[in-house]
Each structure stands twice: as structure tokens, then as C-alpha cells.
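Let's have the full structure, built from the sequences with the hints guiding it.
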Amino acid sequence: MWTWFHKLGSPKWFYDISGRWLPWLVACMAVCLVVGVIWSLLFVPQDYQQGLTNRIFYVHVPVASISLAFFPLMAIAGTVSLVWKMKLADVVVKVAAPLGAWFTALALASGSIWGIDTWGTFWVWDARLTSLLLQFFLLIGMISLRSALEDTDAAAKACALLSIVGTINMVVIKYSVLWWDVLHQPPTNFTVDNSQPNGPEIWIPLVIMFLGVYLFFVISLILSVRNEILRRERRAQWVSELAAQ
Amino acid sequence: MANAHTSTFSAFKATLKRDLLIAYKRKNDVVNPFMFFLIVASLFPIGVSPEPERLSLIAAGVLWISALLAALLAMDNLYRADYEDGSLEQLLLSPHPLFFMVLAKNIAHWLVSGLPVVLVSPLIAYMLSLPDGSYHVLFLSLLLGTPVFSLLGSIGVALTVGLGSRGLILAMITLPMSVPVLIAGTLAVQQTQNGASLLGFLAIMGAMLLFALTLAPLASAAALRISVN
Chain G
837 MWTWFHKLGS PKWFYDISGR WLPWLVACMA VCLVVGVIWS LLFVPQDYQQ
887 GLTNRIFYVH VPVASISLAF FPLMAIAGTV SLVWKMKLAD VVVKVAAPLG
937 AWFTALALAS GSIWGIDTWG TFWVWDARLT SLLLQFFLLI GMISLRSALE
987 DTDAAAKACA LLSIVGTINM VVIKYSVLWW DVLHQPPTNF TVDNSQPNGP
1037 EIWIPLVIMF LGVYLFFVIS LILSVRNEIL RRERRAQWVS ELAAQ
Chain Z
178 MANAHTSTFS AFKATLKRDL LIAYKRKNDV VNPFMFFLIV ASLFPIGVSP
228 EPERLSLIAA GVLWISALLA ALLAMDNLYR ADYEDGSLEQ LLLSPHPLFF
278 MVLAKNIAHW LVSGLPVVLV SPLIAYMLSL PDGSYHVLFL SLLLGTPVFS
328 LLGSIGVALT VGLGSRGLIL AMITLPMSVP VLIAGTLAVQ QTQNGASLLG
378 FLAIMGAMLL FALTLAPLAS AAALRISVN
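Keeping their order, the protein sequence lines are chains G and Z. Numbered per this note's numbering, the first sequence spans residues 837 to 1081. Numbered per this note's numbering, the second sequence spans residues 178 to 406.
It is worth saying that the hints were derived from the structure and are not from the lab. Take these hints with a grain of salt, some might be off.
Rough simulated footprint, nothing fancy, chain Z against chain G, three-plus residues with beta-carbon under 8 Å [unchecked claim]: (1) 983–991; (2) 995–1009.
In silico contact screen, one side only, chain G against chain Z (beta carbon under 10 Å); selected entries [stated by the list, open to error]: (3) Val-916; (4) Leu-918; (5) Phe-973; (6) Leu-974.
All values reported here derive from a predicted model rather than from experimental measurement. By construction, the Cβ of each residue, glycine as well, lies at the ideal position given by its N, Cα and C atoms.
Structure, rendered in C-alpha cells:
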């Protein structure tokens, strides 16, 4: 187990192994997304209340669930980077922030598009929307902190620390916003439709979309980690050999 | 340099005393956040509406947001001067746990920048026509909430102390993190007007304060060690 852990610390090893995984991951993602998108957008029976609009659910839910994973991911990678000084962990902390901001923005945007038709407005100060918005702000803060610190080593430590603090804070924010929403929100016509019978024709395409979007996330993470590795190791011999090919 | 016989508690007291003394000698740093609080709070009647009915609806939120912004503005003084004249490095070199030194600095900072805001808040609340019976709620919740702003802001300042353009980054890190306190504080005022019990809100805010008091100085200390090397 520890040899595996040590290998993971080597950017070159990760670059090689991820290069071998990538084609398979991309193929799986393509299959899942093509099948999932066609199935969920064209063949799933229409929701009896929301009509066609409900189908954005199949994009929104997987994207939103991924965007919630970014802070825990950065906190774990940040801890590894602080404790074991693993280079790769810091690369993950760095690239996860902009990626997380994009996924969060995508979740907010797809939720808003859904909301225009369902709620009659693209924005309400609902607990989940508000906490996602705050998460987006915090991620932007992390990106700007990283870009302001010139020394790579100091930036790695500072961002690792901020990702841990941010994750603890995100938990508090989530619960306090939930509490605020319960006490604050006048009754609105939210119809998230948990009450409806959700048969297999509803959830199988959702599972496929989940797989596709998760693979998309893994692939984007790997690709940005590979770019960052090349950028950081540009003076290493294996990179110049790679560039010479 | 502290000798080996100095106890951590006396080092804590010395740091606290030193920071209060510095604040006393540089009165601008004390007065500015306070004046900022007054100015921001008085912009709302001008910008929103001078009618007492409308103002009384937003009074609690206005006071809380003004207090948060004043705390944010005051934050920069926390480590900046010490960083520039090198006394921060001395603090890091001291044999005592950095946790307590940071805590002393945070407490001194709150006494100087947070407490005046809390003390003057009933007056501003009156000018914003806060409903009767909410004054003690506002006062107590600010008393429990503003130290959390100082403690959280300290992490952000410690992370950005060496940077040239730190103001906006500090705001982007600190403001989202302060939202739970803002929520609890404004809800306390609004919900007690509707008959909710005050103690529940005070308990939650007290819990937030204790949570921040125990964990935030740890993070600030770690951040200082990263920023000063």
C-alpha cells in the first residue's frame, strides 16, 4: 500500500499511468453521455406537472452533486499536501479550485434554467442555491489567493490550509443556511417531486447520466492535473524528452 | 526575548497589553472602523428610504452588515504593522504556543475595533427605528457575533499579510465565511420579534463563538507560519 502511496507522489508516474487510463475513461464517458443524454432528453416520459423542462434534471442533479464534492476533495488533498508534502496533492488542490468554480457555476446555471419554468423566476434565495452561491464565492477567493502568492511553496501551504478551513466552514454555512431558509422562506411552489412514483424508466437514465458526468469530472481533473504537472516539471528531463517526441 | 521562566499566561498578558497600548497610541486605527460603521449604517436611510416603517424592517440587517464591513476594514491592522516592523517574526520565534499569542492579538483587536461598534449599536438602532424590545437582542447577539468576525478574519489576514493587493482577497475569503454568524444574528432579532425565545439564538451564537475561539487561532497560527518564513 505504501509503495503505491509513494508512487503517487511522483508526478512522472502519475503522468504515465493517467495517459494509459485516459482513452478508456474517455470511451466510457462518451458511451454514458451519448446514451444518457439521448435517453433522458428524448425518451423519458414527460413529467406530468413540469413537462419537458423537467428533463434538465438529468443534467442538473449530477452536476450539482459533483460540485458539492469539491471542498471535501480539496480538504483531503490539502491535508495530504501539508502532512506528506506530496507534490501531486498540491496540484490537485490548485486545479480543483477553478474546476470546482466551473462545476458550481454550471450547477447554478442549470438550476436557474430549470427554475425559470418551474418557479417562474431564475433565482430564489433557497437554502441549496444560497449555499452553492457562497461556495462559488469561496472558490473564487481560493483562486485569487493562489494567483496572488508568487512563491509556489507558500501558495501550496496557504491554499491547503484555506481548503481545510473552507471545508469546515462550508459545513457550518450549509447548516446555517438551511436553518435560515426554514425560518425565512415563505411557502413557495417547490415541486421537486419526491412524492411521485419514480419507476425504472426515470432512474436508469439518471444513473447513466451520473456515471457520465462523474467520468467527465474525473477526466477534466486528470487533464488539468497533467497540464499542471507539465508546467511545473518543464525543466525536468522526462518532460523535455516528451516534448522532443 | 522571553526568558525560560516566563509563563505562557504572562506572555499572553504581555501581548494583549502591548497591542492595546499600540492601539491607544494610534487612535486613528481605533476611530476609523468605528466611524466607518456609523457612515455605512447612515447610508441605508439615504439609499433605501427614510420612512421609519421600512427602516424598522431592515434595521437589524443593516447593523449586522455594517458591523461585518467595519470588522473587515479593521482587519488589516491586525498583523500588518507587526509584519512590517518584524515584531511578528519575534512572536513566531517565542517559545510559547503561538495559539495563545494569536488569541491575545485577536482579543485586543476585538476590544479596540469590535467592542466600540457593539456599544454604539443601540444608538444607531434607534436612529434606524428598530422596534422596541429588540435592543437587548441586537446588543447581545452583536456581543457574541463580532468576536467571531475578528477570529475568522484573522485567518484571512494571516494568509494574506505578505501580499501587496490583499484587501479584495481578504474580503473574498472572509465575507462568505462570516455568513453563518450574520444569519444567526439577524434571525435572532427578527424571530424574537415574532415571539421566539432569545436563549436558543444566544446558545447557537455562543456555540459559534466557542467553536471559532478554539479552532480559528490554530488556523491563524498555521497561516502566520506559512506567510512569514
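- Message: How does the segment 983–991 of chain G fare against chain Z when you require at least three residues with a CB closer than 8 Å, holds or violated?
- Response: Since 3 is at least three, the answer is holds.
- Query: With a cut-off of 10 Å, does the beta carbon of Leu-918(G) approach a beta carbon of chain Z closely enough for the hint to hold?
  - Reply: 8 Å, holds
- Three or more residues of the segment 995–1009 of chain G near chain Z by CB distance under 8 Å? Three-residue rule met by the segment 995–1009 of chain G, so holds; n is 9.
- Once the shortest beta carbon distance from Val-916(G) to chain Z is found, is it less than 10 Å? 16 Å, violated
- Task: Identify whether the interface hint at Leu-974(G) stands, where standing means a beta carbon of chain Z within less than 10 Å of its own.
- Result: 5 Å, holds
- Message: Hint validation: Phe-973(G) versus chain Z, beta carbon distance must be below 10 Å. Holds or violated?
- Response: 4 Å, holds
Hint violations for this structure: number 3 only, all remaining hints satisfied.
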